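**Q** Listed below, chain by chain, are the residues.
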Amino acid sequence: MKQHLGRQAGVQNVEVSLRDGKVDVTPKEDGRIDPAQLLKATYDSGVSVAELDMTARGNIVKDASGNLALQVEPNQSFTLTSNELSKTLEPLANSATQVTVRGQLYKKPDGKGKKKADTSAPLKFLVLEIQKKE
Amino acid sequence: MTKKQLALLLLFLSPLIPQTQAEIKHIEMRVEGMT
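Residue numbers (my numbering), protein chains in the order written: chain P, 7 to 140; chain R, 4 to 38.
For the record, the hints were derived by calculation from the structure and aren't laboratory data.
Check each hint, because a few of them may be wrong.
Derived CB-CB ranges, DEER-like [what the hints assert, rightly or not]:
1) P:Asn81 <-> R:Leu11: 31 to 39 Å
2) P:Glu35 <-> R:Met4: 47 to 55 Å
3) P:Arg38 <-> R:Ala10: 43 to 51 Å
4) R:Gly36 <-> P:Ser88: 48 to 56 Å
5) P:Glu96 <-> R:Gly36: 37 to 45 Å
6) P:Pro128 <-> R:Ala10: 41 to 49 Å
7) P:Glu90 <-> R:Glu31: 16 to 24 Å
8) P:Glu57 <-> R:Gln24: 21 to 29 Å
Straight-line alpha carbon distances no greater than 30 Å define the calculated DSS-like cross-link-like pairs of lysine-lysine that follow [to be verified]:
9) P:Lys8 <-> P:Lys139
10) R:Lys28 <-> P:Lys138
11) P:Lys46 <-> R:Lys7
12) P:Lys114 <-> R:Lys7
13) R:Lys28 <-> P:Lys113
14) P:Lys139 <-> R:Lys6
Keep in mind it's a predicted model, so treat the numbers as computed, not measured.
Think of the CB as a built atom: it goes at the ideal place given N, C-alpha and C, for glycine as much as any other residue.
Can you make the complete structure from the sequences, with help from the hints?
**A** As structure tokens, then:
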């Protein structure tokens with residue numbers, strides 16, 4: 007799996023901890039990494055993903071439907087799942103202020119059974135921590 | 004210092020100033036069924 011993930015675009019380094027069941031992915035500084043692609047690559051290597059967390063810096067934007075999103079590249083953004091923290095980011099929408107946030111992009115649905123996750127669905131970002139506003 | 008000298012100084016120093024650009028900094032996955 008480490009080699010499989012390491013071959014994905016924008017990936018600098020992959021650290022796998024067998025004991026904790028944790029996989030740390032360090033993106034390249036100037037590369038574009040696609041978390042949905044990582045999720046799919048992990049499933050393709052025969053491993054089930056329970057959770058995917060991401061730390062990212064970007065701008066808060068509001069789309070035409072009024073949804074807040076974190077824009078990390080000119081053509082890459084993640085719609086925010088509404089919670090108390092995302093509401094505090096609303097005044098920064100479409101401003102030049104950059105935020106560094108940690109949050110959850112994917113969580114395996116509850117319930118028993120080996121139902122395969124839908125990796126084609128767009129990932130929504132649940133903000134868990136606002137680390138910096140600048 | 005003239006305006007021209009100041010402009011040149013800023014031009015040469017600008018690559019040394021760290022730029023804050025948007026990016027994904029880190030991704031962590033919790034996985035199951037890994038052997």
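**Q** For every hint, state whether the structure bears it out.
**A** Verification of the hints:
1. P:Asn81 <-> R:Leu11: 31 to 39 Å: holds (35 Å)
2. P:Glu35 <-> R:Met4: 47 to 55 Å: Violated, at about 34 Å.
3. P:Arg38 <-> R:Ala10: 43 to 51 Å: With Cβ atoms ~34 Å apart, the hint is violated.
4. R:Gly36 <-> P:Ser88: 48 to 56 Å: About 32 Å separates the Cβ atoms of Gly36 (chain R) and Ser88 (chain P), which means 48 to 56 Å is violated.
5. P:Glu96 <-> R:Gly36: 37 to 45 Å: The hinted range 37 to 45 Å holds for Glu96 (chain P) and Gly36 (chain R), with Cβ atoms some 39 Å apart.
6. P:Pro128 <-> R:Ala10: 41 to 49 Å: holds (46 Å)
7. P:Glu90 <-> R:Glu31: 16 to 24 Å: Hint holds: Cβ distance 22 Å, inside 16 to 24 Å.
8. P:Glu57 <-> R:Gln24: 21 to 29 Å: Since the Cβ atoms of Glu57 (chain P) and Gln24 (chain R) sit about 27 Å apart, the hinted range of 21 to 29 Å holds.
9. P:Lys8 <-> P:Lys139: Violated, at roughly 33 Å.
10. R:Lys28 <-> P:Lys138: Answer holds: Lys28 (chain R) to Lys138 (chain P) is near 13 Å, not above 30 Å.
11. P:Lys46 <-> R:Lys7: Since the Cα atoms of Lys46 (chain P) and Lys7 (chain R) sit roughly 54 Å apart, the hinted pair is violated (cutoff 30 Å).
12. P:Lys114 <-> R:Lys7: Not satisfied, since the Cα-Cα distance of roughly 59 Å exceeds 30 Å.
13. R:Lys28 <-> P:Lys113: holds (19 Å)
14. P:Lys139 <-> R:Lys6: violated (33 Å)
The structure fails to meet hints 2, 3, 4, 9, 11, 12, 14 from the earlier list, while all remaining hints are met.
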